[in-house]
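Asks: One letter stands for each residue in the lines below.
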Amino acid sequence: MIRVLSVDDHPILREGIASLFENHTDMELVAEASNGREALEQFRRHRPDITLMDLQMPEMSGIDVMSAIRREFPDARIIVLTTHAGDVQISRAMKAGARGFLLKGLLRRELLDTIRAVHAGQKRMSSEVAAEIAEHATDEALTPREVDVLRLVGSGNTNREIGTLLSLTEETVKSHIRNILAKLGANDRTHALAIGIKRGIIEL
Amino acid sequence: MRTVPFSVGQLLIAFLLAAPLMALDPHTKITDLVHTAWSGGELPFSAVTDLAQTTDGNLWVSADEGLFRFDGVRFVRFEPFSGTHLRYILATHDGSLWVVFSSGLVSRLSGGRITRFSLQELPQTNQLAEDRDGSIIAATAHGGLARFRHGHWHEAASALHHSARLSRQVWFDRDGVLWLLTEDRLLKLLPGEDHFIDPGIPARPSLLSRHPLAESPDGAVWFADSGLVRPVKPGGSENEVKVGANTVMVDRQGSLWVGSKDDGLWRFSGAGAIASGLTGPTGPELEQFTKRDGLSGNIVECAIEDREGNVWVGTDQGLDRFRNGVFHQVAIPDADRINGLYTSSDGGVILALGDRSYLERVDPEGKITLLRFAGSAIANCEDSDGAVWVSTSAGFGRLTSTGISYPPQPRLTAITRMSCRFGDVWITDERQGVVRFSAGKVTSVPGLRSQVRRFFPESPGRVWATYTDGRISIYDSGAIREYGMKDGLPGGAIFDIVKADGGDIWLAGENGLLRFRNGRFQHADVAPGLRLSNIERDDSTFLWLRAGRVLMRMDTREFDRTAANPGYRPRLESYGPQEGIPGDVRIMARSGKRVWVSTSKSLGYVDLNPHIPKNPWPPPVQIEALTVDGKTVNASGGMALPKLIHNLQIDYTALSLSIPERVRFRYKLEGVDKDWQESGTRRQAYYNDPPPKKYRFLVKACNNDGVWNETGAMLDFSIDPAYYQTHWFEAAWGAVGLAVLWGLYRYRLYRLAQKFNVRFEERVNERARIARELHDTLLQSFQALMLRLQAVDDMLPEGKAKDRLEQTLQRGDQAIADGRSAVYDLRSSATTTNDLAVAVSGLGDELATEDSAAFRLVVEGIARDLHAIIRDELYGISREALRNAFSHARARSIETEITYGERELQLRIRDDGEGIPLEILEQGRSGHYGLPGMRERARQIGGQLDIRSQCGAGTEIKLTIAATIAYRRSKGRRLFRLFQKREDSV
Chain A
2 MIRVLSVDDH
12 PILREGIASL
22 FENHTDMELV
32 AEASNGREAL
42 EQFRRHRPDI
52 TLMDLQMPEM
62 SGIDVMSAIR
72 REFPDARIIV
82 LTTHAGDVQI
92 SRAMKAGARG
102 FLLKGLLRRE
112 LLDTIRAVHA
122 GQKRMSSEVA
132 AEIAEHATDE
142 ALTPREVDVL
152 RLVGSGNTNR
162 EIGTLLSLTE
172 ETVKSHIRNI
182 LAKLGANDRT
192 HALAIGIKRG
202 IIEL
Chain B
7 MRTVPFSVGQ
17 LLIAFLLAAP
27 LMALDPHTKI
37 TDLVHTAWSG
47 GELPFSAVTD
57 LAQTTDGNLW
67 VSADEGLFRF
77 DGVRFVRFEP
87 FSGTHLRYIL
97 ATHDGSLWVV
107 FSSGLVSRLS
117 GGRITRFSLQ
127 ELPQTNQLAE
137 DRDGSIIAAT
147 AHGGLARFRH
157 GHWHEAASAL
167 HHSARLSRQV
177 WFDRDGVLWL
187 LTEDRLLKLL
197 PGEDHFIDPG
207 IPARPSLLSR
217 HPLAESPDGA
227 VWFADSGLVR
237 PVKPGGSENE
247 VKVGANTVMV
257 DRQGSLWVGS
267 KDDGLWRFSG
277 AGAIASGLTG
287 PTGPELEQFT
297 KRDGLSGNIV
307 ECAIEDREGN
317 VWVGTDQGLD
327 RFRNGVFHQV
337 AIPDADRING
347 LYTSSDGGVI
357 LALGDRSYLE
367 RVDPEGKITL
377 LRFAGSAIAN
387 CEDSDGAVWV
397 STSAGFGRLT
407 STGISYPPQP
417 RLTAITRMSC
427 RFGDVWITDE
437 RQGVVRFSAG
447 KVTSVPGLRS
457 QVRRFFPESP
467 GRVWATYTDG
477 RISIYDSGAI
487 REYGMKDGLP
497 GGAIFDIVKA
507 DGGDIWLAGE
517 NGLLRFRNGR
527 FQHADVAPGL
537 RLSNIERDDS
547 TFLWLRAGRV
557 LMRMDTREFD
567 RTAANPGYRP
577 RLESYGPQEG
587 IPGDVRIMAR
597 SGKRVWVSTS
607 KSLGYVDLNP
617 HIPKNPWPPP
627 VQIEALTVDG
637 KTVNASGGMA
647 LPKLIHNLQI
657 DYTALSLSIP
667 ERVRFRYKLE
677 GVDKDWQESG
687 TRRQAYYNDP
697 PPKKYRFLVK
707 ACNNDGVWNE
717 TGAMLDFSID
727 PAYYQTHWFE
737 AAWGAVGLAV
747 LWGLYRYRLY
757 RLAQKFNVRF
767 EERVNERARI
777 ARELHDTLLQ
787 SFQALMLRLQ
797 AVDDMLPEGK
807 AKDRLEQTLQ
817 RGDQAIADGR
827 SAVYDLRSSA
837 TTTNDLAVAV
847 SGLGDELATE
857 DSAAFRLVVE
867 GIARDLHAII
877 RDELYGISRE
887 ALRNAFSHAR
897 ARSIETEITY
907 GERELQLRIR
917 DDGEGIPLEI
927 LEQGRSGHYG
937 LPGMRERARQ
947 IGGQLDIRSQ
957 CGAGTEIKLT
967 IAATIAYRRS
977 KGRRLFRLFQ
987 KREDSV
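Quick note, the sequences are listed as chains A and B, same order. Each residue of the first sequence is one higher than the one before, counting from 2 in this note's numbering. Each residue of the second sequence is one higher than the one before, counting from 7 in this note's numbering.
No lab work stands behind these hints, which were simulated from the structure alone. Treat the hints loosely; a few may be bogus.
Derived CB-CB ranges, DEER-like [claimed, not checked]: (1) B:816 / A:173: 49 to 57 Å; (2) A:175 / B:852: 26 to 34 Å; (3) B:800 / A:96: 31 to 39 Å; (4) A:124 / B:787: 28 to 36 Å; (5) A:124 / B:824: 28 to 36 Å; (6) A:129 / B:748: 56 to 64 Å; (7) A:129 / B:852: 20 to 28 Å; (8) B:800 / A:173: 57 to 65 Å.
Which stretches of chain A does chain B cover? Using the computed rule of at least three CB atoms under 8 Å from a CB of chain B, they are [claimed, not checked]: (9) 23-31; (10) 99-108.
Partial chain A-side listing against chain B, Cβ under 10 Å, derived [to be verified]: (11) 12; (12) 14; (13) 17; (14) 18; (15) 20; (16) 188; (17) 189; (18) 191.
Think of the CB as a built atom: it goes at the ideal place given N, C-alpha and C, for glycine as much as any other residue.
Pulled out of the complex, with its shape left as it was, chain B reads as follows (with noise of 0.2 Å):
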């Protein structure tokens, strides 16, 4: 495994950075704070002995069933330790992890090796501290102490005149002053003498704590004897917290965290201005959480914080992971049976309770007041001067502490919806339509149909009317305007609306968001799916959100390019149970400066501007493991895996452990995936049936706030070759392929060749049959005919029709005489010689004259016999092509080539003349230069013919035969004698 982590110098800059921001508020309720718990089923140890965060990232839990480590997702069991029990451990600043077995044997950690010493080396130890200069201090048995530098123990007791019968402890402040807890006392050594000194300070140490020492940001230092949590100084014992402690520790703000012995956790918010004498006039908060709350068990054996500043707890029964979030919970009853939440003018709230016959005004501070009424409310409001209004079944009246008053005639018993603001309450009844409330008096408003789904009353006499059909009206100063489709409304109900500083009106409804600017609307579906109940500005450009059952927090400006781009997926920071807000949310209103929300399980607020630092650090990223096909090999680099992989999957992990379900990765596998393969929150990467190779892997991760650790982590390895998969088996494949392919080229041309066979002999015997039925009888009927005509032509008397018929006669000796010249030519070969060469020559000797151009002939190679049908063809073509070459390129030059290769029949003839003209060489016109008929011999006999000609350069016209098909094989003289059979008589 190589992990690429930050360097020191990034690590320690990324530290002082983050160092004020990542911290838990002390100012939040520790109730408020986000807390995880993992215990039970899902652990694979039953207690937590002790906790503690390499360099590295990794935080690393040590129980009684061994050593694990946990990435916020996955716990990991540390396997060469498996089995054993661990009490303690410590991460040092060198990286390493030092391992405190119940045994008190010693095992150090680091960069994967384990080195364990012996007891001859260092004797049985109860606890480890790291001095400033990386050296470890040991406690070792029977009040002995040890230094571990230069890679050895050396015994340090004696040196620093230490004589204790135990030695329970070790602890260095960040002075450097090592306190050393004895059987009965609380010792210091100060950096750089030689002994002890005693500050006094009683010690009645519990035989269990671990970690009784903690300092706190003012240099105070804490205590927890058994029973008491005091800072250590004359008079500390005024601040001392009565709660019998295992583990003190404080956090980066300051705040002492106790972790008890059997009565849960402990905060002790601001313990520096208590230590220092600086406490308030409210004294100490100290706050608990417990069992009840949700920690996994009330024997807390350790808490640390890790570089995120989330704050760990390990218990008798599990682990716990504290946060900072957002949500402010104010605790009331029945907190999910709240189906009214109205805003209070004190920044507080209303709240309706189920059927209840009372409202509950809660203020500020959480602060609750009942305001009774008869009966049961059906909507209600509380206008700006205080007044709340209520509809009840006994009709519409104003609420406060002392009871209701209803106002005069008419009496309004069937209200449906009611705002009120500005001295105005808007009113829909079901009998009387809308009216409106003022100074007392109820006027009706005509124009407002009664379908209203919601008032909102934007300035003294106007006020906007929505409508369940998805219309608007506006009234101002009893003029209406109603706005439909047309206007630019999207359709769907208008839930809620608010005007913004600037005055834009934003409506949010079932179809997204509207502003309604300069008397026009403008639309954008931000949260597709999602219906927008609620709707609140904050002082900035944010506006808030109920989008189905979420909080959301959007900027104005994401609406603006989503109204510009439909495309465009607006970003919405969303805030749920990760930010600390539990179920589902029901409601949400602004009040004052707090966006107040009622949830599923709880009544709370998010400050209007959430402080919620962002996580700064890129996460370390780590490969584990890689499973291969089922069985599970840790990650180290260059690892070769056996040949024959189905499944392959890589483990990794990144150590952000803040929202650790927020973490993305990427990945990529070098040789398989070309670009990087987002996967989520997947940590894990599969592939099937990886060929053998060298593999490079390569993994990058993101933290919550989307902060990436581009350097990532990276792992080669190979996969073995099965002996099918070696090279030498894939050239022998290859040889016995190429074999193979050979093979069925010369089937494919065998085939070729007997079927050009076929057709030969077919065309042939096809002649032979035409020659001889033409000679047979129709040369022999004509013959007779003419002597049956001349029989008539003896019979005439001289005259005209004799010279007529005696001239006819004539005639018909001729065509008898072509005729059986034709069936000779059939009959026999074009060619008065069997021999192409003899033949080209002949032919080149006829068309030469003495003007024409000079006439080669080349034979290269044996010559071959040919087929008679092939060697016609070439001579019909070698005609073709020297007659044009003769009369038509005006060559200086003409050559024939006759090449009779192992592997083919070639002829080329060539001439130097003037080349033929582009068209008739790409349309081949008809009727000139042949060309159409050569093409159609050349495909008939299985050849390839190429004509290339250049105006100016001559033309050369090549046709190229497969030697299987153009030689004749000794065996096929059938074809020959055929051919000539009968010759005699022809």
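Looking at chain A on its own, in the form it has when it is part of the complex (with noise of 0.2 Å):
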């Protein structure tokens, strides 16, 4: 028997996953969260074999809730949950720790066998989301500095204007931005702002 605890923002959704189980004797849904600190809770109180991790919820992110989580039970098997994810951020969550990344609109026909397949070990993620890894994996990622430039380009900041947020020159942000540009294959700046979002570079 598969002990599982879903975190998600949405009862609904949640409702939908539990009755996903009751036609399935090995696995059960042994408590659900709606968001970060409710999660940590349940997982303390119940230790269930695998969470099911929506990344976009109110107050803490997925992610920030995955890796509290796994501080404290570093043998967390967590499956993310996204309605949709750019590359950035697949790796972002794996490298906090997930197991497993599914796409929403797939949970239907691959929950249960990427649950089953995580709890036996394995790391699973759905074919699209592979495939948006492997598009972007011989890509240069983009540095921390980078990203916060691309962040503050976001916010509609000039070069000068991020310079003086970021203690950088003016010249130091427009190699900066070159740099972006180049990485993401970008043509300007708003086009990298696009990229840098649909990746999942940044969130604005």
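Please dock the two separately framed chains into a single complex, following the hints provided.
Replies: Here it is in structure tokens:
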């Protein structure tokens, strides 16, 4: 019997997931949580085999909750559920200790198998997610500073403003942006922003 | 002031033409001349000392109070001479006016300039005269003489061997003979001679006499001595007039006018005939006109004849004018009480006065015979055989100078109307009805009603009867026909009937004039508003009418014109006070060759064909003064008026002195009036708040007979601008105005942009809200629903239901994916990039295929950040336009041009294809070409979409958006943030 904790801020989705388990005797939903804090509490109390974690939640993001759980229970097996994610986000989730990565649109067909696989010690992700990661596997990742710069570009700041905010010279900001454009394959700043958002490099 | 007078030639021709016509008729009695007096309070002076008319047409009046100009309406003081005493004035042919002051000083007024002569130049002067050569002779103190020639005075007495103690008067006759009146002699100097000769005329000149000499047309010189006026010739004393005269004047018709010292004005008609000894058996006609007749004063100082033939007389108390009239007064006592006027066969009239028991028969010479009877007359008439029939309270009878005789029975004692002619008397009697009295017998006429207003015996046995109800009966030898409205009668009473020579019957009534011709009535209201009470015909085509209280004459052709065209205003000549008919006209009747008129003041007649000479003189026009906000200034050409004028009054006048009341004007202020302004008889023009600029005022006038002086007068003047009316000030204001307008424009743009920004922001917010809503609730719910259905699916056994559910679930997945994608579109931009150029370029690449048109993108200017909404809409429009171009236009090349201008953003998509068919362009057929959609999108973002397309010449779609709306300002980043919020989880 696989004991599952479901973390999602949408009760209706949790109910849906719960109903999936009804017809399967090899797993049961032991607890639910609607935010990060509850998730941590429920995990401590029930020690589930598998935790289904929505990435996008109020208060604490799914990745933060995951990190917190993993600090306390390094063996926790967590499957990330998301509507859509860019490769960077997936990477971050994976780095934070996710064992599976599942798009919500595929829950119906893949959730149970993914739970079983992860429970069996495998890592699993949707084929689309895998393709997304593969596409950018060879891309040079943005440095944290470059991500900061891109984020500030996204907030509508000029190079000079970014320089002031990050204590950089305008010239340095410019060179960061040139690097960002090159790494993301963007035509200009706005294009870079769009790519950054799509790939989950920045959240605004 | 600039007057436009006649040329000398014109003047002369007019004078020659006018001379025989324009003069007072010597055959008209002096009392029948139209006399007008100005005296007392209406004058700015007390006594007139002299009169003169200068060649410009002005009548000058000299007085103890100064010099005045008179145009027949207004006296205008000549300011430079105000307060001076003037004794004598002389108008000369060069247009000058010479003035002799009481002090003996002389001034000359010429062309608006005054020349004052000192006593060194010219000793004290008694009188002046103009020689034939235009030089001036002055009679000066101590028997001196001086001549003014070439601008200077020269002593003349010694050259002429003149040595009298006194030079009292000088005067030239037509032959150029200089007459000089000394203390006791009348001397003459023939032209070219240098010695005066003494014709031996005893002279006891009056000290006060001003104009003691005059010449009649036959060349006789008349001399007014103290107590006598006589021709200067041996034996002339036979024709002397024993009048103490101040002045003598002979008019163009040869009448001698004598202004007496204290006995009024005398006229001596036919003075010429008398002087030349051709006196007829009746002797000289000497007429007197005194204060009793209306003269302003009995001391007559001077008399002149103006060029229109009017005689002006100055007295100690005022000014008088005599003019030709048409009315010949017949003096009868109590003329104002006449209540019946009947024509008499001898050309005179028979009058009924009040309720007296006699009638007065007035013969053409004015002799009165009384026709007595007992009681009072009710109605009466005179038959063509001279019989006068009268209806008295005692009965109906025939009246002679010896008394009344009554015909045999029946006695008619209640007669209301009667009329006699052709031996018949037609009578309405209240008791008997209408009867005919003929050959001593009374017969009843039963077919005629007794409400007869007027009988008109047209011919023997035929009579017209008009009724008070407006109907008419014609009785003809026993047959009666009655006419009413349906026969063309206008209704309203018919008061009088006359038969014209051609057989037409004319009827005058309450509603105008009727003509009966060929058995039919024709009507024309020739004098609307006036009742026509009497009608007579003259020997030609004219009708005389009493219309209201005025006598009028009308050509029957005017009737035809009025009848043919009801809008036509017929011309009627009116004969009233201006023509010498005093008072209100009460009764008019023709008798012989006269139209007799009884008025509220007198009885008289007008000749059937009145001879009133037309006034051929176009009146000289003058602009006299400008009154600027109550301050009057003399008019002078090119004058500059002060700034900020509120009320401008321009006084002008015309010098037609005969009937100034009928002088009419039209004027025009160029720059203000578009057309000539008809001012009627008004002699002022008014303007309010004339703006500062240059003006030209033009005025024309016509005389009493409608002869226009088309040249008129003209005055140029200008009004100074106030500082704020100057050009630089206007320019400054203009600049300020433009700046304000610019500011307003900018503000409007700003507001517009703000409005759009707000709208965009709202739209973005709304989008975000909807997206969140969809994402957070709907999509999640569907997701959950799918999971539940999957749970059901898991429970189902293999079979048809499971398969069906499986399919349904897959469709559900697809639907959710689509929904998510839609949400994604909502939350992000439709374009994958924020750069419009990149997005459009991508569109082009997407649409272009190997066979399709070549696509090119041009970006002008530096790319600016756009509002997301605008970018999306531009993208949408581009997509639509490019799609059209690629799929419908069959273009070889398609070009998109994005211009980031300073003022506006422009998006242009053009192709060289077939063009959009006109009907689609105009109607924007839905579903095709997406034109309405494009327009709607453009409108939404405040843009201007122009589509230009020509069949075969390609299409250009141009979208323009104001920069303020299109470009994002560096501050407005909130929009951007909002739209990308929570992008990560989508």
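Asks: Looking at the structure, which of the earlier hints fail to hold?
Replies: none
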